[in-house]
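Protein chains in written order, with the numbering used here: chain Z, 1 to 321; chain H, 1 to 282; chain D, 1 to 326.
So the derived list for chain Z, only partly shown, Cβ under 7 Å to chain D, looks like this:
hint, residue
1, Ala-221
2, Gly-222
3, His-233
4, Arg-236
Facing chain Z, a subset of chain D residues (Cβ under 10 Å, in silico):
hint, residue
5, Leu-57
6, Ser-60
7, Asp-81
8, Ile-84
9, Gly-93
10, Phe-94
11, Phe-96
12, Asp-98
13, Pro-105
14, Gln-112
15, Tyr-115
16, Pro-146
17, Val-158
18, Leu-161
19, Ala-162
20, Ile-171
Please keep in mind that the hints were generated in silico from the structure rather than gathered at the bench. Heads up, the beta-carbon is just placed ideally off N, CA and C, and yes, glycines get one too.
Chain residues, written in single-letter form:
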Amino acid sequence: MKTLNTILVRLLVGLITLCGVAVVIFIALRAMPASFEDIVLGPISTPEARATVAKRFGLDRTPTEQFVYWFGAVLQGDFGISLVTQSPVAKEIARRAPATIQLTLMATAVALLVGFPLGTLAGLSDSGRLVRGIGRVIGAVGASVPNFVIGSAFVYIFSVWSLGLKVGGYVPFFEDPVTNLRAITLPTITLAVFGIALILRTTRDSVQRVLTEGHITTAVAGGQTKWQIVRLHVLRNASIPIFTVTATYMGYLLGGAVIIEVLYSLPGIGLYTFNALENRDYAVVQAGVLLAAAVFVTINTLSDIVYVILDPRIAAARDKQ
Amino acid sequence: MRILKAFSAFYLNDRLTGLAGLALLVLILIGVFGSMLPLGDATAIGAGPRLGPPTWELPLGTDELGRSYLPRVVQGIRVTFLIASIAVMLTAALGALIGMISAYVRGWVDGLIMRLADVMFAFPALILGLLVAALIGPGDVSVVTVIIAATLPLFIRVVRAVTLSLVERGFVVAAEVAGASRMRVMIIHLLPNITGAVLVQLTYALSVGMLIESGLSFLGLGIQPPYASLGSLLRTGAVYLTIAPWMVFSSGVVLSLAIMSVNLVGDGLRDMLDPLRGRSLR
Amino acid sequence: MTPLLSIEDLAIEYVTRRGVVRALDEASLLLTEPSVIGIVGESGSGKSTMGLAIGRLLPSFANRLHGDLKLEGNSVFDANDESIRGLRRKRLGFVFQDPMTALDPTMKVGRQLVYAGGDSFGQNEALDLLARVGLPDQARVASSYPHQLSGGMAQRVVIALAIVRKPALLIADEPTASLDASLRDHILDLLVSLRTAMNTGVILLSHELRVVLRHCERVAVMYAGRVVEDGKISVVFANPGHPYTLALLAAAPGRERPGEMLQPIPGIPPVLSGRAEGCGFAPRCRFAGARCQVERPVARLVANRMVLCHHSERIIDDPQKKDHAR
Numbered sequence: 001m002k003t004l005n006t007i008l009v010r011l012l013v014g015l016i017t018l019c020g021v022a023v024v025i026f027i028a029l030r031a032m033p034a035s036f037e038d039i040v041l042g043p044i045s046t047p048e049a050r051a052t053v054a055k056r057f058g059l060d061r062t063p064t065e066q067f068v069y070w071f072g073a074v075l076q077g078d079f080g081i082s083l084v085t086q087s088p089v090a091k092e093i094a095r096r097a098p099a100t101i102q103l104t105l106m107a108t109a110v111a112l113l114v115g116f117p118l119g120t121l122a123g124l125s126d127s128g129r130l131v132r133g134i135g136r137v138i139g140a141v142g143a144s145v146p147n148f149v150i151g152s153a154f155v156y157i158f159s160v161w162s163l164g165l166k167v168g169g170y171v172p173f174f175e176d177p178v179t180n181l182r183a184i185t186l187p188t189i190t191l192a193v194f195g196i197a198l199i200l201r202t203t204r205d206s207v208q209r210v211l212t213e214g215h216i217t218t219a220v221a222g223g224q225t226k227w228q229i230v231r232l233h234v235l236r237n238a239s240i241p242i243f244t245v246t247a248t249y250m251g252y253l254l255g256g257a258v259i260i261e262v263l264y265s266l267p268g269i270g271l272y273t274f275n276a277l278e279n280r281d282y283a284v285v286q287a288g289v290l291l292a293a294a295v296f297v298t299i300n301t302l303s304d305i306v307y308v309i310l311d312p313r314i315a316a317a318r319d320k321q
Numbered sequence: 001m002r003i004l005k006a007f008s009a010f011y012l013n014d015r016l017t018g019l020a021g022l023a024l025l026v027l028i029l030i031g032v033f034g035s036m037l038p039l040g041d042a043t044a045i046g047a048g049p050r051l052g053p054p055t056w057e058l059p060l061g062t063d064e065l066g067r068s069y070l071p072r073v074v075q076g077i078r079v080t081f082l083i084a085s086i087a088v089m090l091t092a093a094l095g096a097l098i099g100m101i102s103a104y105v106r107g108w109v110d111g112l113i114m115r116l117a118d119v120m121f122a123f124p125a126l127i128l129g130l131l132v133a134a135l136i137g138p139g140d141v142s143v144v145t146v147i148i149a150a151t152l153p154l155f156i157r158v159v160r161a162v163t164l165s166l167v168e169r170g171f172v173v174a175a176e177v178a179g180a181s182r183m184r185v186m187i188i189h190l191l192p193n194i195t196g197a198v199l200v201q202l203t204y205a206l207s208v209g210m211l212i213e214s215g216l217s218f219l220g221l222g223i224q225p226p227y228a229s230l231g232s233l234l235r236t237g238a239v240y241l242t243i244a245p246w247m248v249f250s251s252g253v254v255l256s257l258a259i260m261s262v263n264l265v266g267d268g269l270r271d272m273l274d275p276l277r278g279r280s281l282r
Numbered sequence: 001m002t003p004l005l006s007i008e009d010l011a012i013e014y015v016t017r018r019g020v021v022r023a024l025d026e027a028s029l030l031l032t033e034p035s036v037i038g039i040v041g042e043s044g045s046g047k048s049t050m051g052l053a054i055g056r057l058l059p060s061f062a063n064r065l066h067g068d069l070k071l072e073g074n075s076v077f078d079a080n081d082e083s084i085r086g087l088r089r090k091r092l093g094f095v096f097q098d099p100m101t102a103l104d105p106t107m108k109v110g111r112q113l114v115y116a117g118g119d120s121f122g123q124n125e126a127l128d129l130l131a132r133v134g135l136p137d138q139a140r141v142a143s144s145y146p147h148q149l150s151g152g153m154a155q156r157v158v159i160a161l162a163i164v165r166k167p168a169l170l171i172a173d174e175p176t177a178s179l180d181a182s183l184r185d186h187i188l189d190l191l192v193s194l195r196t197a198m199n200t201g202v203i204l205l206s207h208e209l210r211v212v213l214r215h216c217e218r219v220a221v222m223y224a225g226r227v228v229e230d231g232k233i234s235v236v237f238a239n240p241g242h243p244y245t246l247a248l249l250a251a252a253p254g255r256e257r258p259g260e261m262l263q264p265i266p267g268i269p270p271v272l273s274g275r276a277e278g279c280g281f282a283p284r285c286r287f288a289g290a291r292c293q294v295e296r297p298v299a300r301l302v303a304n305r306m307v308l309c310h311h312s313e314r315i316i317d318d319p320q321k322k323d324h325a326r
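Isolated chain Z, as found in the complex (with noise of 0.2 Å):
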C-alpha cells in the first residue's frame, strides 16, 4: 500500500533526525567548559569512579566509539549527574516535567478550541467585515507581541489586582486542583495567544483556499446549504495544514516555555534547564536539550504522519515524482 510506504519513509526520515540531533548534542558536549566526567558524574568524585567512568564510555577510543556509548546510556535514561544536587539529570528532570507538560498541553488546547472556530469564520468570505477584520487584528497582533510582553503586561495587572489569578504558587494538579488552575491559567493565556493567532491565521487561509477549489463549486450546484458545505466539504479539507502547524506550534511552546516559566516562576523543565544554565550545570542544559529536540522531532514525524493518513493524495502524489 502506498500509504503505508510513506509512512515508513517518514519514520525512517524521523529516526534519523533523532539520530543528528544525538550527533549535535554529543559534540557540543564535548565542546562545553567542563569535562566529560565531571558531566556524567558531577565535579565532586574519586579518581576511581572518574577511571570507571573513562572507561565505560570509551574516553579512550574513537569519538564514534565514545558516541555509540555515550548514544546508549542516553538511551537507557542515564543523562548524567546535576552539579547542583549530586543527583540523576533523569531524576530531576521527570519531578519537574508536569508543569511543563500541562502547561503546554493547555497552551494548546486553548490555541485550538479559540484559534480553529475564529479561523474558520474569518475565512468564510461571507462573514461580514467586522468578523474578517477581527481576524486580521488577533491574527497580526498575536503573533507579533512577544510572549513574554504579555506576560510582563499580565504580572503587572495581576500584582495590582489580583482577580483571583495568582503569579506563582504552583502546585501539582492532582494535589489541589483549584490552587494549580490560579497558578497556571496566566502562563496558559501568555503561550496561548501565538497559538491561537498562528492557528487562526492558518486555518482562514485553509479555509478561502479551499473554497477555491472546483469541488465546492459542485456542492453549491448541487444545492447544498451553506453550513452544509462547511461541514461537510470545508473543514475536512481545511483542517488538513493544522496538524502541520500544530506541530509548529508545539515547538514554539518548547522554547517559549523557558521564557515563560522563568517569567511566571513555574518549577517546570523550561526554568530548571534555564537555571542550569546560570549554574553551569552542563549535564542538565545538554538532557534538556536533547529532550527538547527529541520531543519536537516526534511530534512534527507524529503529525507528517497523520497529514499522510488525512490525504490521500499526498501518498499519490509522491508517485509522481
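Chain Z is already provided as a structure; the job is to place chains H and D on it using the hints.
This is chains H and D only, laid out in the frame that chain Z set:
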C-alpha cells in the same frame, strides 16, 4: 522612485499594509538616524532621578541609572533591527544558495542537505539559544547564530521548492541544451525567479529573528550591556515592573509595533504575489 | 405550457479591480421542452457565464443588470436562498470541465453520491447509478477516492452526481476538454442519452463545432455576450444566417476538402465594458455596413432560425458559400 511606486501599490492594494509599511519605514529611520536627533543622551547617567516617571523633559521617564529612557529606546530599536537584519541577510544568502544547489543538483547531495536542514530545524530557537550560550557564552554572535540556525531550514526548503518547479519548466532545459554551464544557469536563469519567494520569506524571517533576539535578550542570553536591544531593555525593565512600569510598557509597545509592522508588510507582499479570491457559498 | 428555460435579454457584468467587464450583453434563449442544445462560442463569448447563470452560480463580483432567467417558470434571480438551493438540488445538474477538481478529494465517491442523493438514496441506489453511467465494477469505484480513478471514470461519476435527483435540465460546460479524444464521444453520447432516458434537457457548452454537430439537435451560437444565431443544426450549419457562424464553419478544421485552405477570422473578440453600440461582430465582419456600427441588431426569425444580424437574408442567399452540412 521605485520605492514610492511600491509603497503606493501597497497602499492602494490594502490600506493596512500601506500603514504597516509606513510604520516600518518610520521605525527604521528612527533606528538609523535616531542618535542624531535631539532626544537626549542614552548614556548620561543621572540625567534625571532614578526610575522617574515620564515628564515633559524626559518623555519616557528614566531608567534605574537615571538615564533618559527615550534615547535608550531609540538605541534599542536600532540594535534590534540591526542584529535581526544582519542575521536574516546571511540566512537569505546562504539559504538561497544552498536551496538552489540542492534542487538543481538533486541526487544524494539534495538528500544530505535536506537531512541536515531537518536536524537544524529540530531545535526550537530558544532551546538552541541555551545550548549556544552554554558553548560560546551569551552575546550578539550567539544571537545571530541562533537566528540563522532557526530560519535557515525554512529558507532552504522554500527556495528548493521554487527552484524545483522552475527546473521543470522549459527554459532551464533549453539553456542546458544550448550549452550553458550549471553555474550560469543558476545565476542568470534561476536566481531572478526566486526573488519573489525569497522576499516574502525574508520579511517573515526578520520578524522571527526579532522575536528570537528579544526573547534571548530578555533571558539575558542575548545582547549584553553596554549595548541594549529592546529585548534587553525589557529584561532590566521587568525587574522594576511594579514600581516603574513605563519602562516595560514603552519598550514593549515599541517592540510589538516593530514586529507587527514587519509581519503586516510580509503579509502584504505575500498577497501581492499570490492573491486568493474568496468564493461565496450562496 | 411553461417553457423549460427562458432567458430574456440577460445582461451580466463582472466588477473587478481592473474595471468592469460585460460578459452577457442581452442574451436570450428559449427552451420549451427537453432537448439537446449545443451552445457554441469562443472563450469570452459569454457561454460559461450563461451556463452558470442558470443556476445562479456566478461569483460575488458578478452583477445582473437587467433581463430575466426563468427555469420552469421560476425566476432564478428573484428567488430567495432556499428556493434557489431547491432548484439546484432537484431541477438542475451541472457538469464542468475538470472532473478531478469537481470531486471532494477527501471523501470516497460512493459517499459523495449518497449525500447528494438525499433521503431514501442509499448505497444500493448509488451502485445502480454508477452502473447507469457506464461504470464497470461499481463497488470498487464507490469505495475509491477521486484521485484513484481515471479522468474518464471521474467524469462519469460527476455526471452521476449531476443526475442523481433526475433534474429537468443538465448543463455541461466543456465536459470533455480534459479527457482523451477516444473518450470524448462516449461521454458525450452518455450525456445526450439522458434526454431520452430521463427526459432531461441537455445544454452542451463547447467551442468545438464538430462536437456540437455530432451530438446536438439544436445549436445556439454566441458572440460578444449575445446569442447571434439559434436554430436546428440541420438548418444553421447547412446554411448559416450570421456572418460569425459562417466564419466559424470556414475556420473549423476537419471538414475541408484536400487543397482547401482554412480561413481564420481576422481580429479578436471584443471585451465589452458596457452595452455594445451596434453589432458586436461588425469590426470583423465582411458583410458589415454603416448600419452595423450604430444599430444593435434585434432578434429576427429568418429562414427557420433566430438570428441577430441586419444582413441575414443576404448571407443565406450568398452564392459564395459552400455546403458545410454533412
